[in-house]
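The listed protein sequences derive, respectively, from chains A and B.
When we follow our numbering, the leftmost residue of the first sequence carries the number -8, and every step to the right adds one.
When we follow our numbering, the leftmost residue of the second sequence carries the number -8, and every step to the right adds one.
Calculated directly from the structure, the hints in this document are not laboratory data.
For clarity, every value in this text was computed on a predicted model and none was experimentally measured.
C-beta: ideal position from N, C-alpha, C; glycine also.
One or more of the hints may lead you astray.
Claimed, not checked - With the Cβ distance kept under 10 Å, some of the chain A side facing chain B (calculated, not the full set):
#, residue
1, Ser(-7)
2, Lys40
3, Thr43
4, Ala55
5, Asn60
6, Pro74
7, Cys75
8, Met77
9, Leu82
10, Arg86
11, Val105
12, Leu106
13, Lys113
Protein chains: 2
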Amino acid sequence: MSKIEQIYMDEALREARKALEEDEVPVGAIVVYKRKVIARAHNQMRMLKDPTAHAEMIVLTQAASYLKNERLTGAIIYVTIEPCAMCAGALILARVKRWVYGADDPKAGACGSVLDIVRNRKLNHRIEVKKGVLAEESRILLKEFFKKKRRKKIPKDYSL
Amino acid sequence: MSKIEQIYMDEALREARKALEEDEVPVGAIVVYKRKVIARAHNQMRMLKDPTAHAEMIVLTQAASYLKNERLTGAIIYVTIEPCAMCAGALILARVKRWVYGADDPKAGACGSVLDIVRNRKLNHRIEVKKGVLAEESRILLKEFFKKKRRKKIPKDYSL
């Protein structure tokens, strides 16, 4: 894991912490383009009451708006956990170049844990994937969130 | 194919035609809840310059906003083509009950054509799927769009 990857993942973790403060599943993401952070967001599913408002989806929309292009060719996305099927599918549509993530998601991860969408050879775009960057920090945040939820007896079907 | 399914798919096709008029890939979707259409949208990827702006994603956000809930339990979605990985993943997250679609998408379809996300037993929600409703009408719209694109020599990597 390179120093630069840690610095960027730290930015994504900062977003995840904002989600935790807002009682959302703590996931954060940023988009880097030509060494500049052009989008940053955290999960806002419950606040927006929108099943599509995952951190990754929000940053992709932000980054496309910044670049005035629905293709994010050359962009790198940093996200604190392994994306789900929806987010992995969106990364392919956005033609993201590289994608760096922290912790695995054994329940819904779509980069090898449950599905492997990103490296599917039948799809028309391939993304470079790097996993495990500051994974422990991401996991600690998730654990903290679910511990708090259990205390409040919130339904178990909370998903990332 | 029941009469009611045809009527609802006709509504989704009306949305797809709007996309065609706007030079977008002609895909339309509606959400039905308690026999009422609560959301309708068409693909707006290019107009919004947003890789996530597929018809299905827009209707899910609209329907969640209407129901004031990020879970669309009991909702039925009608979409003119087989959803991609992103949209299929979003349908799972939204806990949609049933999903009816028209034509298959052999290039990116995530309900059996390229991937099979919706019926993946490892994921925590199962959706009833019905395919082939007014499929020919959907296919004709798509053919018309790509024929027009070829004439204009637009890059080939247009995806649904």
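Exercise. Does the structure break any of the earlier hints, and which numbers would those be?
Worked result: 1
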